[in-house]
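Visitor: Sequence:
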Amino acid sequence: MFWVLLLLLAWVVAGTACTRLCLAAVRTAADDAGQGQGHELTLYEAAFLSGGPARVADLTLVSMARQRRLLLAHTGWATVVDPRGRDEMERSVIGAIGPEGQSRIAPVRATAASTDAVRGLADRLVDAGLAVPDGARTSVASGIRQVRTAAAAVLALGVAALLAPVPSEMPRDLVALWFALPLALTLSCLAIARVEVHPYSRWASPAGQRLLGTLARRAGRGGDDRTYLTSVAVRGIRAVGEPGVRAAFAHRESGEPRG
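In terms of the numbering used here, the sequence shown opens at residue 7 and continues consecutively.
The set of hints was computed from the structure by calculation and includes no laboratory data. Treat each hint with caution, since some may be false.
As the list claims (entries may be wrong) - Simulated restraints, written as ranges between beta carbons of each label pair:
hint, residue 1, residue 2, range
1, T85, P249, 48 to 56 Å
2, I198, S120, 37 to 45 Å
3, S194, V10, 22 to 30 Å
4, R208, M176, 45 to 53 Å
The beta-carbon is built from N, C-alpha and C at its ideal position, and this holds for glycine as well.
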């Protein structure tokens, strides 16, 4: 009977996809166990896990501006006051500004975000299991997509079986019920994954997200300069309190005179 062959195919598709998702979730949970324990995030690490390389560049610019070692004009220009960088990130920003000591902020951010210093930071976080490798697709996310595809395939096979000729003694309601079983398997698997599987963000792994959550809670209990910079690292430029600084970052390349 043709509909039986379609039903077997539906079970194979659903069972294979759900099994792959379950195995991927188990492997991910095992790999994530213990990651990040005892690791104290630096501000640069928190910035990368929250917003990637561009966030690291933003944090460095804001930090240097608060120390009056860099001027950020509301017209979108950055001017070096102290040319001695205190760490490799600051040296990268100063190098991106150039020998003249003044440049528009937009190209400085782009150049600083692509330096070896930021790439090294990213590599260390990936090695520690706190960041998602660049361009990588997690096995769990791939498994979820496969189960979604399987659910659609089972539904299509069920419709095809109902449209095909069936023996007169076999009620079509019963045929639909048989196909409802593999469909229920895929949908329940997706529902469980939605509740139980901790999703990856674009930059931070589940372990990295846990550390970010801890850092954010600690930052909420203080009001010093580090707390301010922590907010910038986690939330980005929208956490900056100075309107002039926010305007400097919002400014686009349009040929305005230097401020």
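Visitor: Can you name, in rising order, the numbers of the hints this structure does not satisfy?
Guide: 1
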